[in-house]
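A.B. asks: For reference, the chains in residue letters:
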Amino acid sequence: MNKILEVKNLETNFFGKTEVVKAVRGVSFNIYEGETFGLIGESGCGKSVTCRSILRLIRDPGKISGGSIIYKGRNLLELSEKEMTEYRGKEIGMIFQEPMSALNPVLTIGEQICEAFKDKELTKSDKEEKAIEFLKIVGIPSGRQRLKEYPHQFSGGMKQRAMMAAVLVSKPKLLLADEPTTSLDVTIQDQILKLINRLKKEFSMSVLLVTHDLGVVAEMCDRVAVMYAGKIMEIADILTLFGEPRHPYTIGLSKSIPYRGAQSERLHPIKGNPPDLSNPPKGCPFEPRCIYKEKICEEMLPELKEIKKGHFSRCHFLEKLENEKGLIKL
Amino acid sequence: MPVQNKETMLKVENLYKWFPLKRTILDAITKKPIRNVKAVDGVSMEIYKGENIGLVGESGCGKSTLAKTIIRLYEPTSGKVNFKGVDFTLLKGKNLREKRTDIQMIFQDPYSSLNPRMSIKETLVEAIKYHKICKDSEIGLKVNELLDMVSIPRYVADRFPREFSGGQRQRISIARALAVNPEFILADEPVSSLDVSIQMQIINLLSDLKNRLNLTVLFISHNLRVVEYITDRVAVMYLGKIVEIGNSKGLFEFPAHPYTNILTNATPVLDPRKKTDKIVIEGEVPSPLDVPAGCRFHPRCPFADDICKKVEPEMKLISKDRYVACHKPLIKELS
Chain F
276 MNKILEVKNL ETNFFGKTEV VKAVRGVSFN IYEGETFGLI GESGCGKSVT
326 CRSILRLIRD PGKISGGSII YKGRNLLELS EKEMTEYRGK EIGMIFQEPM
376 SALNPVLTIG EQICEAFKDK ELTKSDKEEK AIEFLKIVGI PSGRQRLKEY
426 PHQFSGGMKQ RAMMAAVLVS KPKLLLADEP TTSLDVTIQD QILKLINRLK
476 KEFSMSVLLV THDLGVVAEM CDRVAVMYAG KIMEIADILT LFGEPRHPYT
526 IGLSKSIPYR GAQSERLHPI KGNPPDLSNP PKGCPFEPRC IYKEKICEEM
576 LPELKEIKKG HFSRCHFLEK LENEKGLIKL
Chain R
51 MPVQNKETML KVENLYKWFP LKRTILDAIT KKPIRNVKAV DGVSMEIYKG
101 ENIGLVGESG CGKSTLAKTI IRLYEPTSGK VNFKGVDFTL LKGKNLREKR
151 TDIQMIFQDP YSSLNPRMSI KETLVEAIKY HKICKDSEIG LKVNELLDMV
201 SIPRYVADRF PREFSGGQRQ RISIARALAV NPEFILADEP VSSLDVSIQM
251 QIINLLSDLK NRLNLTVLFI SHNLRVVEYI TDRVAVMYLG KIVEIGNSKG
301 LFEFPAHPYT NILTNATPVL DPRKKTDKIV IEGEVPSPLD VPAGCRFHPR
351 CPFADDICKK VEPEMKLISK DRYVACHKPL IKELS
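Heads up: the sequence lines are chains F and R, in that order.
Count along the first sequence from 1, add 275, and you get the number used in the numbering used here.
Count along the second sequence from 1, add 50, and you get the number used in the numbering used here.
Quick caveat, the hints were computed from the structure, so don't treat them as lab data.
Mixed in with the good hints, there may be bad ones.
What the hints assert, rightly or not - With a straight-line cut-off of 20 Å between C-alpha atoms, the simulated EDC-like cross-links for lysine to aspartate or glutamate are:
(1) R/Lys325 to F/Glu408
(2) F/Lys546 to R/Asp258
(3) R/Lys324 to F/Asp488
(4) F/Lys546 to F/Glu578
(5) F/Lys469 to R/Glu334
(6) R/Lys325 to F/Asp497
(7) F/Lys365 to F/Glu408
(8) R/Lys325 to F/Asp488
(9) R/Lys325 to F/Glu454
(10) R/Lys99 to R/Asp152
(11) F/Lys448 to F/Glu404
Claimed, not checked - Cβ-Cβ distance ranges computed for the label pairs, FRET-style:
(12) F/Leu382 to R/Phe353: 34 to 44 Å
(13) R/Pro352 to F/Gly291: 51 to 61 Å
(14) R/Phe304 to F/Gly585: 33 to 43 Å
(15) R/Phe304 to F/Lys411: 37 to 47 Å
(16) F/Asp551 to R/Tyr205: 12 to 22 Å
(17) F/Glu294 to R/Lys56: 48 to 58 Å
Note that beta-carbon positions come from the ideal geometry of N, C-alpha and C, so glycine has one too.
Start from the sequences, fold in the hints, and give me the full structure.
C.D. replies: This is how it looks when you write it as structure tokens:
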């Protein structure tokens with residue numbers, strides 16, 4: 276399989292007046308052609324910042340301070356701003372968590388989709404015809420009428436579909452989806468997730484899916500990276516992650532989700548809170564909340580070690596975790 | 051654990067809460083009928099003493115409005131709310147104020163439900179003083195007791211809400227609700243804004259406190275997994291009406307109402323081997339301005355036929371503790 280994207284040692288910091296928040300602290304992963312790669316973690320773990328860094332959408336006071344992002348052999352971080360616009364949309368498209376704030380409230384849906392056509396030859400009516408076509412692809416009927424409507428006239432699910440249409444116009448090869456269904460109801464979430472899966476095949480895209488929901492990950496992803504406090508803690512294919520998680524954080528998460536039939540048992544949530552990233556701990560960031568910790572964890576950050584092919588975990592005591600069970604029985 | 055001897059604590063009878071739309075002068079002159087958003091559209095249910103009952107449904111189905119109407123944050127359009135023999139909807143002034151200490155609410159967003167200008171201690175003291183819960187000399191003790199209950203260290207009592215994380219703020223909201231010694235707690239999506247690892251901390255805290263203080267809880271959530279885990283019974287709401295009620299154990303496994311079935315199937319399964327490409331249900335929930343005639347779920351129901359379009363189904367007991375409002379329930383009888 277060919278790599279479509281290679282993120283190496285990415286570092287993104289936010290420079291406040293008195294402190295620097297190290298949101299992404301040396302993240303590396305690959306996305307292969309045709310796969311859906313999941314990036315999961317809790318709020319503030321740096322998953323969205325990683326996603327935005329790929330398109331260089333980090334605004335002041337944030338800055339990408341190090342690493343490289345290789346897309347089809349070129350390092351996006353070395354491109355000029357003008358060259359970068361060639362990649363945004365055309366090669367890499369992005370959909371956001373809150374379709375309400377991602378769409379412009381004072382432009383019609385039609386204007387926003389037509390804006391995405393970069394071909395100067397097309398006339399306005401050509402563009403509209405095409406826009407109607409794309410609305411149909413994403414499942415919005417009576418497109419001619421809806422093109423004239425404003426985002427506030429669309430429901431949450433419909434806005435997310437319209438945003439997908441605008442992204443698909445430029446036929447990107449990689450789709451970044453940042454919590455695309457978090458603000459939606461389960462039945463609408465189900466529709467949107469399946470729409471993304473269908474479009475991924477139809478337009479032969481690869482997908483980077485950022486989410487905090489293990490259920491969504493199970494439904495969508497081929498491989499997953501688990502992030503915590505700006506670092507990747509575990510990378511595995513989806514079955515391994517659910518069947519044989521090998522990081523205390525992943526294991527803790529699996530144990531804190533209620534499942535069918537869990538009623539009579541008591542679940543054991545992870546204790547404590549994530550660390551403050553303006554002053555990240557020297558050792559393993561999960562150490563304060565970890566039930567397997569020993570002295571070394573406080574002092575030394577463990578390496579991301581390969582357990583078996585394609586399964587990596589950042590923990591000093593992998594041997595302690597060998598008998599831990601995941602959410603499913605393999 | 052399901053409640054053994056059922057003593058009704060709260061009985062809601064035919065409760066309606068409609069929000070009329072604004073009319074222009076022209077509408078009034080041309081005598082256009084008033085249009086209403088039918089947020090709660092005829093809800094009847096009983097809540098037993100000591101149980102934890104869940105209320106699930108999609109956004110806009112009226113779950114929060116129902117809770118706020120029960121506690122009289124909204125005035126009901128019609129209907130009764132009988133709380134321990136007193137009709138809550140008829141209470142006024144001092145009587146209402148006294149009775150309100152029995153029912154307390156925890157809100158979804160701990161960022162907006164705590165006053166940012168009041169320290170944690172001031173927030174708790176305000177509730178205690180307003181309802182005259184204890185002597186002034188005992189207030190300090192009471193505050194400490196409340197903080198201990200929700201595991202917030204006493205020394206942070208003078209800090210302000212902004213200095214706390216989301217999970218801690220929700221703990222403080224719980225302490226504030228408990229400050230007036232209520233018997234009944236309405237928890238409106240208390241963990242929806244929190245991270246997964248923090249969610250379970252709050253849920254375990256809530257169920258511990260429920261057992262310790264012998265509380266009755268109405269737990270509103272759209273997260274079926276959480277609801278199934280912590281509640282004894284569940285009510286499923288759709289477009290302002292309750293369509294199914296039953297024991298949480300079994301309700302999602304063997305749903306009787308097609309809508310409950312759809313909600314269950316749309317919740318992602320925590321098993322990558324069970325994923326499908328099939329969409330669970332097309333379309334969206336209709337507007338509560340134009341509630342469909344007959345069964346309100348019929349336009350989206352895969353089993354709907356003529357009777358469903360014309361006749362609104364009554365709530366029927368189909369088996370032990372399972373009520374469903376459907377002409378063609380998916381299960382006829384539970385063993």
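A.B. asks: For which of the previously enumerated hints does the structure constitute a violation, in increasing order of number?
C.D. replies: 1, 4, 11
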